[in-house]
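Trainee: Listed here are the chains, written in short residue letters.
There are 2 protein chains.
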Amino acid sequence: MSARLNKCALLDRERYSIEQKSALKLWVVLARCYDTFAQSEALRIKGYEVTPPQFGVLEALAHLGPLKMCEIAEKLLMSGANVTGVVDRLEEKGLVRRVMEADDRRTYHIHLTDSGGKLIAEIFPTHAEKIRLATRALSTKEKRTLTELLKKLGKSVQKEMRQQAA
Amino acid sequence: MSARLNKCALLDRERYSIEQKSALKLWVVLARCYDTFAQSEALRIKGYEVTPPQFGVLEALAHLGPLKMCEIAEKLLMSGANVTGVVDRLEEKGLVRRVMEADDRRTYHIHLTDSGGKLIAEIFPTHAEKIRLATRALSTKEKRTLTELLKKLGKSVQKEMRQQAA
DNA sequence: TATGAATACTTTAAATATAAAGTATTTTGC
DNA sequence: GCAAAATACTTTATATTTAAAGTATTCATA
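If you read the sequences in order, they're chains A and B. All you need for the numbering used here is the position in the first sequence, starting with 1, plus 40. All you need for the numbering used here is the position in the second sequence, starting with 1, plus 40.
Source of the hints: derived by calculation from the structure; they are not laboratory data. Hints may be right or wrong, so weigh each one.
Heads up, the list lumps identical chains together, so a pair's fine if it works in one copy or across two of them.
[What the hints assert, rightly or not] Listed next, the in silico DSBU-like pairs over lysine-lysine satisfying Cα-Cα at most 35 Å (straight line):
hint: 1; residue 1: Lys86; residue 2: Lys61
hint: 2; residue 1: Lys170; residue 2: Lys133
hint: 3; residue 1: Lys133; residue 2: Lys192
hint: 4; residue 1: Lys181; residue 2: Lys133
hint: 5; residue 1: Lys61; residue 2: Lys191
hint: 6; residue 1: Lys61; residue 2: Lys158
hint: 7; residue 1: Lys61; residue 2: Lys133
hint: 8; residue 1: Lys108; residue 2: Lys192
hint: 9; residue 1: Lys183; residue 2: Lys133
hint: 10; residue 1: Lys61; residue 2: Lys108
hint: 11; residue 1: Lys86; residue 2: Lys65
hint: 12; residue 1: Lys199; residue 2: Lys170
Could you build the full structure based on these sequences and the hints that come with them?
Mentor: Quick look at the structure:
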């Protein structure tokens, strides 16, 4: 492997500072950890009739009550166009329904149907327990530290993004 | 908001243990942090002629040399079917090419073309520096701690997934 | 050496995701 | 009150993603 690396003159490791390398490393580890977690979630809800994005929408509705399309987009970090598609499929399955608002005809609220509510109530407790087990190797203190550092990193990245845009 | 939450009898917060809630919180924060980072990367390579997955493939080839399709899938945590599509589009743009192997006609290596190598050599140094800046709010020690905790969490989740499968 | 299993890649079908453009409605500013 | 801007959602086009099925080749083994 290192023999191969040495052939890459264009991207020689020595061109990069220790700071840059540790930042790149952090990004790789973050992406892999996220991916593993997402994979475990996908595995967990396999067998139910919903996909991970669909599960996310049901979960948000169960925890927060009826939401507008744009609120779902904001909570789940997805584009409005994407919410349209996911909600379409949930509606086809009879798990949610669009309910028109009286005061603003541009928008409506998405409600869980009885069967949607029943499904999420069936899945979520198991889901919460499995996530607890998945993080078991970390102590309470480590989990707290990790959560705080991730928040701090998120803010740092956002700040840099804003400066980039300006 | 809390008034709304109280209406959710099915998913009452009090049904869940402190451990479960801190694990769920960690997962939410991890997902948001990852998403922010991914978004900043997308913003950064906007303006070049490649998408984030395409950039990932070019980066892997630049750092590791020619790779087989299955090696790319493994490095970038994507399915083989997906690699086919991403490499197809890179090949159409003339940034990589498929080179047949003499010894095994099922497989081939993906090589960077001159223009592909030039593109990644142009992007990567800026990319590395931007990632360094994005993580600037964290001290060296915090970055090390965060990296280690993420690795530990990743292993924990993987272990749980294996037990789930068994 | 013949054949069945395994490997490497592609194709297909369906879901997810975004940007950009389009439609309908409401709000703002004059 | 009316035109312009803003908001909320959908549609379209394209890329990403996977699972499952298909093709070609190589390996294993009997």
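Trainee: With reference to the structure, classify each hint as holding or not holding.
Mentor: Consistency of the hints with the structure:
Proximity of Lys86 to Lys61 under the C-alpha cut-off of 35 Å is restricted to the inter-copy arrangement: shortest distance 23 Å between copies versus 37 Å within a copy. Within a single copy, Lys170 and Lys133 get their C-alpha atoms as close as 26 Å, which meets the 35 Å cut-off; across copies the closest is 44 Å, which misses it. Proximity of Lys133 and Lys192 under a CA criterion of 35 Å is satisfied in neither setting, with 39 Å inside one chain copy and 39 Å between copies. Proximity of Lys181 and Lys133 under a CA criterion of 35 Å is satisfied in neither setting, with 42 Å inside one chain copy and 49 Å between copies.
Taking CA atoms no more than 35 Å apart as the test, Lys61 paired with Lys191 passes in both settings, with 21 Å inside one copy and 17 Å between copies. Taking the closest pair of Cα atoms, Lys61 and Lys158 come within 35 Å of each other only across two copies (21 Å); inside a single copy the shortest separation is 48 Å, beyond that limit. In this homomeric assembly, Lys61 and Lys133 come within 35 Å of each other (Cα to Cα) only across copies, at 30 Å, whereas the closest approach inside a single copy is 47 Å. Taking the shortest Cα distances, Lys108 and Lys192 sit within 35 Å of each other inside one copy (29 Å), while across copies they are farther apart (38 Å).
In the homo-oligomer, the alpha carbons of Lys183 and Lys133 never lie at most 35 Å apart, since the shortest distance is 37 Å inside one protomer and 45 Å across protomers. Within a single copy, Lys61 and Lys108 get their C-alpha atoms only as close as 43 Å, which misses the 35 Å cut-off; across copies the closest is 26 Å, which meets it. In the homo-oligomer, the alpha carbons of Lys86 and Lys65 lie at most 35 Å apart both inside one protomer (32 Å) and across protomers (22 Å), since each shortest distance falls under that limit. In this assembly of identical chains, Lys199 and Lys170 lie within 35 Å of each other by CA distance both inside one copy and across copies; the values are 34 Å within and 12 Å between.
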